[in-house]
Amino acid sequence: MNGMNYFPNYYSIEDIFVTQEKVECRVNTKLQRMGFLDSGAESDDLEPGKTVNLPLWYIKELKVNNAYFTVAVPDIYRNVHKAVCEAETTHIELGRLHPYFYEFGRYLTPYDRNHVIGRIIFETLRQRVRHLLDISKSDGQAAKAEHRLDNIEAKLHEAGVRTNSQYIEWLQMTGNKIRTSELVEEHQKKRRRADRSDDEGDALPNSKRATL
Amino acid sequence: MFGEKAFDLLKELERSSQTIPAFDDDGVRQVLEEIKAIFEENVAQASSYNASGDRSLWPLLNFRHAALQRNKRCLLAYLYERCRRIKALRWEFGPIIPADIKQALCEPEVTFFNNYSKSLAAYMCSAGYNQGLPIDLTNNLRPPKSLYIEVRCMEDYGKFELDDGEVIHLKKNSQHYLPRAQVESLVRQGILHHIA
Numbered sequence: 001m002n003g004m005n006y007f008p009n010y011y012s013i014e015d016i017f018v019t020q021e022k023v024e025c026r027v028n029t030k031l032q033r034m035g036f037l038d039s040g041a042e043s044d045d046l047e048p049g050k051t052v053n054l055p056l057w058y059i060k061e062l063k064v065n066n067a068y069f070t071v072a073v074p075d076i077y078r079n080v081h082k083a084v085c086e087a088e089t090t091h092i093e094l095g096r097l098h099p100y101f102y103e104f105g106r107y108l109t110p111y112d113r114n115h116v117i118g119r120i121i122f123e124t125l126r127q128r129v130r131h132l133l134d135i136s137k138s139d140g141q142a143a144k145a146e147h148r149l150d151n152i153e154a155k156l157h158e159a160g161v162r163t164n165s166q167y168i169e170w171l172q173m174t175g176n177k178i179r180t181s182e183l184v185e186e187h188q189k190k191r192r193r194a195d196r197s198d199d200e201g202d203a204l205p206n207s208k209r210a211t212l
Numbered sequence: 001m002f003g004e005k006a007f008d009l010l011k012e013l014e015r016s017s018q019t020i021p022a023f024d025d026d027g028v029r030q031v032l033e034e035i036k037a038i039f040e041e042n043v044a045q046a047s048s049y050n051a052s053g054d055r056s057l058w059p060l061l062n063f064r065h066a067a068l069q070r071n072k073r074c075l076l077a078y079l080y081e082r083c084r085r086i087k088a089l090r091w092e093f094g095p096i097i098p099a100d101i102k103q104a105l106c107e108p109e110v111t112f113f114n115n116y117s118k119s120l121a122a123y124m125c126s127a128g129y130n131q132g133l134p135i136d137l138t139n140n141l142r143p144p145k146s147l148y149i150e151v152r153c154m155e156d157y158g159k160f161e162l163d164d165g166e167v168i169h170l171k172k173n174s175q176h177y178l179p180r181a182q183v184e185s186l187v188r189q190g191i192l193h194h195i196a
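Line by line, the protein sequences give chains A and B. Under this note's numbering, the first residue of the first sequence is numbered 1, with each subsequent residue one higher. Under this note's numbering, the first residue of the second sequence is numbered 1, with each subsequent residue one higher.
Certain hints may be false.
Computed cross-link-like contacts, DSSO-like style, restricted to lysine-lysine with a CA-CA straight-line distance of at most 27 Å [stated by the list, open to error]:
#1 A/K155 <-> A/K137
#2 A/K177 <-> A/K189
#3 B/K72 <-> A/K189
#4 B/K36 <-> A/K189
#5 B/K36 <-> A/K60
#6 A/K82 <-> A/K30
#7 B/K159 <-> A/K189
#8 A/K190 <-> B/K36
#9 B/K5 <-> A/K60
#10 B/K159 <-> A/K155
#11 B/K36 <-> B/K72
#12 B/K159 <-> B/K171
#13 A/K60 <-> A/K50
#14 B/K11 <-> A/K177
#15 A/K22 <-> A/K60
#16 B/K145 <-> B/K102
#17 A/K137 <-> A/K190
#18 B/K87 <-> A/K60
#19 A/K190 <-> B/K72
#20 A/K190 <-> B/K11
#21 B/K11 <-> B/K102
#22 B/K5 <-> A/K189
Computed beta-carbon distance windows for the label pairs [as the list claims (entries may be wrong)]:
#23 A/N114 <-> B/N62: 27 to 37 Å
#24 A/S12 <-> B/D25: 42 to 52 Å
#25 A/D112 <-> B/D54: 49 to 59 Å
#26 A/F122 <-> B/L147: 20 to 30 Å
No wet-lab data here; the hints were simulated from the structure. Glycine included, each C-beta is placed from N, C-alpha and C at the ideal position.
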């Protein structure tokens, strides 16, 4: 339905997932009664010099050069990794590095003193796009290792496969059959699965069934 | 850490992609209580600041405020995503929700579905004003190529009446040659299957 365009907005669930990620920060000044942020803290206050893992949704509310925390950019965006990225861009398992590589990097760019993150993200995507184009032209049925693509690339790949199959159907003039809608099919499958296991009499705790 | 429960709601929703899981009454209530608790703490702290003018607790106030906004955002996104899926239900299943999906929705959501159906029907009526008949927008989602189509019945449906009064008996595996406009909704429901 609205799978074609992605733009992070207030309601977009993916943006909420990205901002849930934690970043490491070093505390600069003494923060009273915020000791609960640090899991190993003995005192009620947060002492300067400690490192805490804070969620992105809190950090992004503060000013970039604020006096309380300094944000440490994660290793995956550092220069060392950059060399690895450039060497074999298409074979890197970006999904395993970080499932939201590009968007997380986008949020971290203001905190990066060396200004390399922006370039890293851009170059990686630029080189992987061609590879993406190639694999989406295949029929898309081949089991793809889930971790090779990050979130944005996975969406692009899906869109590519869909467009490609629509194009092929149009060329072969077979695309005109009225199809049962996907939601209806999924619903019927679930119902059949529920009926079948009811008949067999065993109470398999199928988690999907429980949600209906 | 604040905001965990609200995020759990969203994780559950994301996991069930495109189908609607049961409305997590408890979860929503817990998040609302958490919001209330954080808010009361902040109000107490802000009023003490007004009295004493001591700025040292300001980061804590700020953190609680950010947590409040976060909880609110997660809750709203949860409700919004569910409403979006309910709207999709209307286009896929027609004006009646199947009973097992209906169990997963809460009261206000069922009202939302009915109101949406009503709005859609009113719009379809007004859009076809010139011809005097409502245009069925849920029909003809792809450009039709022929007036009649060949269909096979996938399950026992019983009697089906066409516009000209003719009654067709839909039994499993029977084939029929029927006008497209009237049977399209049955094909989309999966009761009939369109043969090339």
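Where does the structure disagree with the numbered hints, that is, which hint numbers, in rising order?
3, 4, 6, 8, 10, 14, 16, 17, 18, 19, 22, 24, 25 and 26
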